[in-house]
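Undergrad: Protein chains in written order, with this note's numbering: chain A, 2 to 167; chain B, 152 to 283; chain C, 34 to 133; chain D, 217 to 578.
Read the hints as simulated data drawn from the structure, not as lab findings. There could be a bad hint or two in this list.
[What the hints assert, rightly or not] No farther apart than 20 Å at their CA atoms in a straight line, the calculated lysine to any residue pairs in the SDA-like style are these:
id	chain 1	residue 1	chain 2	residue 2
1	D	Lys544	B	Leu263
2	D	Lys331	B	Lys184
3	B	Lys184	D	Phe416
4	D	Lys409	D	Met217
5	B	Lys271	A	Val156
6	A	Lys139	C	Phe81
7	D	Lys295	D	Phe463
8	A	Lys93	C	Gln118
9	D	Lys409	B	Asp155
10	B	Lys236	D	Phe416
11	B	Lys236	B	Phe251
12	B	Lys184	D	Phe463
13	D	Lys365	B	Phe211
14	B	Lys236	D	Gly575
15	B	Lys236	A	Leu141
[To be verified] Which chain B residues face chain D? A few, computed with CB under 10 Å, are given here:
id	residue
16	Asp155
17	Pro171
18	Ile173
19	Tyr267
Bear in mind that the values here come from a model prediction, so they are computed numbers and not experimental data. Using N, Cα and C, we set each Cβ at its ideal position, and we do this for glycine too.
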Amino acid sequence: MIDFKTIVLIFFGALAVSSAVLVVFLRNIVYSAFSLIATFFSLAVLFIFLSAEFVAGVQVLIYVGGILILFLFALMLSQQLSQKAVKLSSTKLLPAVLLALPMLGIFLFVIYQTDWELVQNIQMEEGVASLASLLLDKYLLPFELASILLLGALVGALLLARPGEK
Amino acid sequence: MLLDYFHVLMMILVAGCFVPLILFFGKFLRPSKPYSEKLTTYECGEEPVGNAWIQFNLRFYSLAILFIIFEVEIALIFPVFLIYKDQVSASFSLGSVLLFGELIFFVGILILGLAYAWVKRDLDWIRSVRIQ
Amino acid sequence: MELHFYLTISACLFTLGTIAIFWRNNLIAILMGVELVLNASGLNFVAFSKYTSASLHGQIFALFIIVIAAAEAAVALALVLRFYQSSSSVDVETANKLRH
Amino acid sequence: MESLSIFLHNLTQQTLPLWIFVLLSIVLILFLITLPFAGFATYLERKVSADIQARIGPNRVGPYGLLQFIADGIKLILKEDIIPTASDKIFFRMAPMIVIIGSFSMFVIIPFAQKIVIADLNIGVLYILAMGSFVALGTIMGGWASNNKWSLLGGMRSAASVISYEIPAALALLNVILVSGSMSFGHIVDQQKFFNWNLFHNPFLFISFFIYFISALAEVNRTPFDIPEADSELVGGYHTEYSGMRFALFFLAEYADIFVICAVATAAFLGGWHVPFLNYENIAEGVQLPLQFIITLTKILVLFYVVMWLRWTLPRYRVDQLLGLCWKFLTPLSFLMVILTSMWMLCFGGRSFYGIIIGFFS
Numbered sequence: 002m003i004d005f006k007t008i009v010l011i012f013f014g015a016l017a018v019s020s021a022v023l024v025v026f027l028r029n030i031v032y033s034a035f036s037l038i039a040t041f042f043s044l045a046v047l048f049i050f051l052s053a054e055f056v057a058g059v060q061v062l063i064y065v066g067g068i069l070i071l072f073l074f075a076l077m078l079s080q081q082l083s084q085k086a087v088k089l090s091s092t093k094l095l096p097a098v099l100l101a102l103p104m105l106g107i108f109l110f111v112i113y114q115t116d117w118e119l120v121q122n123i124q125m126e127e128g129v130a131s132l133a134s135l136l137l138d139k140y141l142l143p144f145e146l147a148s149i150l151l152l153g154a155l156v157g158a159l160l161l162a163r164p165g166e167k
Numbered sequence: 152m153l154l155d156y157f158h159v160l161m162m163i164l165v166a167g168c169f170v171p172l173i174l175f176f177g178k179f180l181r182p183s184k185p186y187s188e189k190l191t192t193y194e195c196g197e198e199p200v201g202n203a204w205i206q207f208n209l210r211f212y213s214l215a216i217l218f219i220i221f222e223v224e225i226a227l228i229f230p231v232f233l234i235y236k237d238q239v240s241a242s243f244s245l246g247s248v249l250l251f252g253e254l255i256f257f258v259g260i261l262i263l264g265l266a267y268a269w270v271k272r273d274l275d276w277i278r279s280v281r282i283q
Numbered sequence: 034m035e036l037h038f039y040l041t042i043s044a045c046l047f048t049l050g051t052i053a054i055f056w057r058n059n060l061i062a063i064l065m066g067v068e069l070v071l072n073a074s075g076l077n078f079v080a081f082s083k084y085t086s087a088s089l090h091g092q093i094f095a096l097f098i099i100v101i102a103a104a105e106a107a108v109a110l111a112l113v114l115r116f117y118q119s120s121s122s123v124d125v126e127t128a129n130k131l132r133h
Numbered sequence: 217m218e219s220l221s222i223f224l225h226n227l228t229q230q231t232l233p234l235w236i237f238v239l240l241s242i243v244l245i246l247f248l249i250t251l252p253f254a255g256f257a258t259y260l261e262r263k264v265s266a267d268i269q270a271r272i273g274p275n276r277v278g279p280y281g282l283l284q285f286i287a288d289g290i291k292l293i294l295k296e297d298i299i300p301t302a303s304d305k306i307f308f309r310m311a312p313m314i315v316i317i318g319s320f321s322m323f324v325i326i327p328f329a330q331k332i333v334i335a336d337l338n339i340g341v342l343y344i345l346a347m348g349s350f351v352a353l354g355t356i357m358g359g360w361a362s363n364n365k366w367s368l369l370g371g372m373r374s375a376a377s378v379i380s381y382e383i384p385a386a387l388a389l390l391n392v393i394l395v396s397g398s399m400s401f402g403h404i405v406d407q408q409k410f411f412n413w414n415l416f417h418n419p420f421l422f423i424s425f426f427i428y429f430i431s432a433l434a435e436v437n438r439t440p441f442d443i444p445e446a447d448s449e450l451v452g453g454y455h456t457e458y459s460g461m462r463f464a465l466f467f468l469a470e471y472a473d474i475f476v477i478c479a480v481a482t483a484a485f486l487g488g489w490h491v492p493f494l495n496y497e498n499i500a501e502g503v504q505l506p507l508q509f510i511i512t513l514t515k516i517l518v519l520f521y522v523v524m525w526l527r528w529t530l531p532r533y534r535v536d537q538l539l540g541l542c543w544k545f546l547t548p549l550s551f552l553m554v555i556l557t558s559m560w561m562l563c564f565g566g567r568s569f570y571g572i573i574i575g576f577f578s
């Protein structure tokens, strides 16, 4: 009998894929922005099922609370809202699909054919503290470089978004 | 661990169907006599003119940039702060001083970013137009 | 089996992201496709790290992917807005100043 | 910290399956604490504002006007609910739902007593910040969907002020994690026995309590920071087009948010259910839970009184002053507090001010 856990897992997996389809194929850009919420949130639920709760929290915090608001602000500022539904040119759809579907075929073939050597009984060290200590002793350099990357992104984006100078 | 998040899922479900339930039950009690004037958007009684989506200027966006960069920084600081207390209260070893140094380096770089935005007057809401 | 489930989802998200990048002519829709691709790779990292090595390295990679995606989205959308200001449209076709 | 559903499950010797108790604990907390408080808060607000302005306030409905909020609720349910034709139907209806989901799901981790919490997640503080961003999203969605110049501008302004005040609020809560070493509210409250409330742990945490309280107030759009309802500029902010019960849902979410802010402030800074001279070991088992619940609730109500007191005494901020205060004063100050608290923890080995004094004597 499929227990409740797998029902929820399959539901959020399907929600992620279907809202991603909506993001791509909806004509009104603001509708696709709002359906991005469903994608990001269902991905966070999938992270929780993969016992990565800190990554799920950061995913909701940054993607839903940050990047999506950034997209909505950009849509507001670039007057994208007044056009009710832009006509999507199907001329370029064919090459895009012709490229993407064989790629999907290759992915699925690789996923189902290769036998990944799986760890039998998975005992992950639960909890965020083990993630934190791993982050700070093995991945210390990328952690410090991330702050420099953020500084560069901040200065660059502020320079670009400063009105007035042509 | 999954049981806790089962509570969260149930809460989202209950809150999600709380709103339509209330609105649905209210539908029988509520009068519903919509006529066209009532359904126009409200503009202090005037005729609604033009389209609602007017042009904003960019200071909204520079605010959103500042927000997301500092939000990402806070998300990255969470793990450091989690293990800071156990490391520090153990003993006054070199490890705790190093951890403090890493923390100061990370936070200091981003305070530089805030100082840059402050000096370049990106933090002002009403920007005095610099007349070249 | 569990790992196959997560890998198929991230494969579908990845292909949908590439379709969005190649097909949509609205710059912001292309950036949404890029976000989908980044999310798909993040999911892959976490799924592999749980099922094939039961370690936390994949989660740290997913964290750094989210950090880089945020920085990239901030700069890319600033570019799009600056492009919108100069050519008052967010359509990819109008960005052909280098062509002639 | 045991969650309420497991506690009830064991109480009835595991006769019924657990998921019934999960739903029961959620419905219990929602309909016994959130909704009555949100309703009662409107009455309390009008009484306090009347008291401050030396008038009587509602005393017609029921004894001392206590049933006033029920009368308001019925009135709002009976009012007609208009959805403007020009508005975007789907998202006009979805905006209040997102706001309600955002603010109700923050109730999952609020610790009322030792065993009365819906679920003590071990990413508690991160969860509160993540769910806070849903409320900002609902505001933008509501403002955009009602296709009205004022509500869009109001939605954008209030979203701008909400997201910019999230940074100092998050940094102040980070100080609490720095001091208590864990993100889950259960551990944070357990470490504040007797005298070492986080408020008095060190002087910098004392300041970051006020930073958190001010920026959390601004995050909920309460005066002196309520730009969207600023009568002088925008008609009604992002909920201009909403009427009847949908309008009431926005206010229900606002009052639930205020309750969450006061509850998080008590749990993180004021020691949850710990009171200096009270040792819970030598209190009878049956009396412990209600006593803890009452102590937490009184602290929350005291903070709520301060929130309302501020509303009716301070004038409202202009938008540029509001954002200037956030980015030029609160954010640099909270960065400074983070650095100074970590320096204090380094020098004193993580002991609190009270711990050091005790160290001298023992």
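Undergrad: Next step is simple, just say for each hint if it's right about the structure.
TA: Evaluation of the provided hints:
no.: 1; hint: D/Lys544 - B/Leu263; in the structure: holds, 13 Å
no.: 2; hint: D/Lys331 - B/Lys184; in the structure: violated, 50 Å
no.: 3; hint: B/Lys184 - D/Phe416; in the structure: violated, 59 Å
no.: 4; hint: D/Lys409 - D/Met217; in the structure: holds, 15 Å
no.: 5; hint: B/Lys271 - A/Val156; in the structure: holds, 10 Å
no.: 6; hint: A/Lys139 - C/Phe81; in the structure: holds, 19 Å
no.: 7; hint: D/Lys295 - D/Phe463; in the structure: holds, 10 Å
no.: 8; hint: A/Lys93 - C/Gln118; in the structure: violated, 26 Å
no.: 9; hint: D/Lys409 - B/Asp155; in the structure: violated, 25 Å
no.: 10; hint: B/Lys236 - D/Phe416; in the structure: holds, 17 Å
no.: 11; hint: B/Lys236 - B/Phe251; in the structure: holds, 11 Å
no.: 12; hint: B/Lys184 - D/Phe463; in the structure: holds, 18 Å
no.: 13; hint: D/Lys365 - B/Phe211; in the structure: holds, 16 Å
no.: 14; hint: B/Lys236 - D/Gly575; in the structure: holds, 18 Å
no.: 15; hint: B/Lys236 - A/Leu141; in the structure: holds, 18 Å
no.: 16; hint: Asp155; in the structure: holds, 4 Å
no.: 17; hint: Pro171; in the structure: holds, 7 Å
no.: 18; hint: Ile173; in the structure: holds, 6 Å
no.: 19; hint: Tyr267; in the structure: violated, 12 Å
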